[in-house]
Amino acid sequence: MTSLACTIAIAALLALPAVAQEMRSYEDALGRIVDIPVDPQRIQSMYSGSVTPPLIELGAPLVGSQGTLAEDGTPYLRMVSTVMKIDFDNSDIAFTHESAPDFEAIAALAPDLIIGLVSNDADHVDRLQQIAPTVMLDDSQSGLELYRDIADATGRIDEFEDLLVDYHALVEDARGWLGDHSYTYSKLAAYGGDLHVYGNFGALTIALNDLGFELIGDGVAMRARGSTWDGEVISAETLPDQDADFVFTTFRIDQGPQVGPVSTLDAFEEVLPGFCDLMTACAEGRLIVLPLEHVALSFRTLDANIYYIVTNVAGRPGLAPPG
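Under mature numbering (1 follows the signal peptide of the UniProt record, and there is no 0), the letters of the sequence shown match residues -20 to -1, 1 to 303, in that order.
Hint data in this document are derived by calculation from the structure and do not stem from the laboratory.
Among the hints, erroneous ones may be present.
Stated by the list, open to error - Across the chosen pairs, the derived CB separations fall in these ranges:
#1 G254 with G11: 48 to 58 Å
#2 G11 with W157: 37 to 47 Å
#3 E212 with E139: 30 to 40 Å
All residues carry an ideal CB built from backbone N, CA and C; glycine is no exception.
The whole structure should be built from the sequences, with the hints applied where relevant.
Below, the structure is given as structure tokens:
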């Protein structure tokens, strides 16, 4: 028996409940029909950016999660720790892997449900299914459908609906604060000497869409292709083509004060010197730099992005909005 098989066998024995779990059939994004627990008690998240935050927010029993390794090798929940102040060292959530799944580490936790994303984990679904019932969710969706799918798979639709009601109320308030508009936007990033454009970008995209902003530029084609959070490299010369009423980019807040909004703008300058003069949005003060970790999928970050957008668009009397 292989080491992994042995680990799975032992974990399965440890995970046996006193009373057998009630199961139900679930069709995942790959079209697989999977028998999953009606009320899962030991959930493994395969991605800390858009699976782990909803699970925590919904109060789901999370035993393990993908995470990020700091330079000294310490694992941390990058987006969750900055937004929710929950991390591996102050919770019962175990770190299982950073990039490639550590199947033995996952099996050792004896999960009764594993939640993965098509873009990240589809190639591993068979091995994960050997450990526990595994569902693959579609992370190319640009709205709250992914969050709803997570709530559905974990039996927490009621909790999701309660959070959704509050969010919709905030959206209505924000639309009133913004007033009637036909604003356009694009989402860009510059790193590694390249320019990146995005079609979907977590909570920021959801909030912008719900507030009536229209995506333009190369991100439109990306979204039509079902793009996830990954950006696509485009020629720096096409930067003016990404110009919009408002252009959004982000900076990381998990790397300390040495990496902030200024370094983000410096990265654009390295890709294309004088970039700000080539984009009306930048030249007129409508390039908005927001915290990257706050695009994690959660209602908490959605609320934050609503306020960011309103403050930067309607809350700046010295900046005339585009006509």
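Okay, the hints, checked on the actual structure:
no.	hint	in the structure
1	G254 with G11: 48 to 58 Å	49 Å, holds
2	G11 with W157: 37 to 47 Å	42 Å, holds
3	E212 with E139: 30 to 40 Å	35 Å, holds
Checked against the numbered hints above, the structure breaks none of them.
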